[in-house]
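**Student:** Sequence:
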Amino acid sequence: MTKPVVAIVGRPNVGKSTIFNRIVGERVSIVEDIPGVTRDRIYSSAEWLTHDFNIIDTGGIEIGDEPFLEQIRQQAEIAIEEADVIIFMTNGREGVTAADEQVAKILYKTKKPVVLAVNKIDNPDMREMIYDFYALGFGEPWPISGSHGLGLGDLLDECAKHFPKEDEEQYGDDVIKFSLIGRPNVGKSSLVNAFLGQDRVIVSNIAGDNT
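Mind the numbering: the sequence shown is residues 1 to 211 in full-length UniProt numbering, read in order.
Keep in mind that the hints were calculated from the coordinates and are not lab data. Everything numeric in this text was worked out from a predicted model, so none of it was measured. Careful: at least some of the hints might be erroneous.
In the DMTMM-like style, the derived pairs of lysine to aspartate or glutamate whose C-alpha atoms are separated by at most 20 Å in a straight line are [claimed, not checked]:
| hint | residue 1 | residue 2 |
| --- | --- | --- |
| 1 | K161 | D132 |
| 2 | K111 | E77 |
| 3 | K105 | D65 |
| 4 | K120 | D132 |
| 5 | K111 | E82 |
| 6 | K112 | E140 |
| 7 | K105 | E128 |
| 8 | K109 | E140 |
| 9 | K165 | E47 |
| 10 | K120 | E140 |
| 11 | K165 | D84 |
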């Protein structure tokens with residue numbers, strides 16, 4: 001039986017990778033204050049209470065004419081398609097931005113449950129910052145702090161409410177894991193995509209485009 005899948009999406013630099021690493025319990029995704037550090041879909045398994053599930057980290061969605069931005073957005077949209085539940089990550093300190101609204105327009109098109117997370121609410125006095133996020137149209141915003149780990153239990157409780165009922169069964173760990181290493185621009189990404197039969201990794205002629 002397939003595990004439930006949770007995808008984390010949002011604009012750049014709202015803390016998606018930090019939350020992903022918190023939920024997974026280890027540093028899987030690179031965390032930097034630089035847009036575009038996460039570009040491909042990053043998968044890991046996670047547990048919460050009685051629930052086993054898979055979780056996907058995605059690159060920050062930006063709308064623009066640059067081909068690379070389009071590739072990142074396509075990777076995020078694949079994750080949205082694969083997910084049973086979507087965590088829409090925002091930044092409480094910056095409020096609702098035009099970029100958040102662009103991501104919201106993409107998520108409006110899906111019929112899947114969307115859980116709105118407002119990150120960087122690092123203490124209870126900051127909770128009033130979440131109320132503007134009701135305007136995005138996804139119901140109750142869930143305040144969390146990636147840096148302190150606050151609110152993640154409530155967020156995962158809400159996600160679990162939308163898991164398919166089959167997740168209560170036991171799942172076997174039959175996933176084959178491998179690493180492909182080499183110097184830049186020797187075709188590693190193309191080979192991974194060929195193995196998987198899908199565009200899992202962005203391919204370009206730019207050295208260092210996979211992080």
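**Student:** Could you tell me which of the hints above the structure violates, numbers in ascending order?
**Tutor:** Of the numbered hints given earlier, those the structure breaks are 1, 7, listed in rising order.
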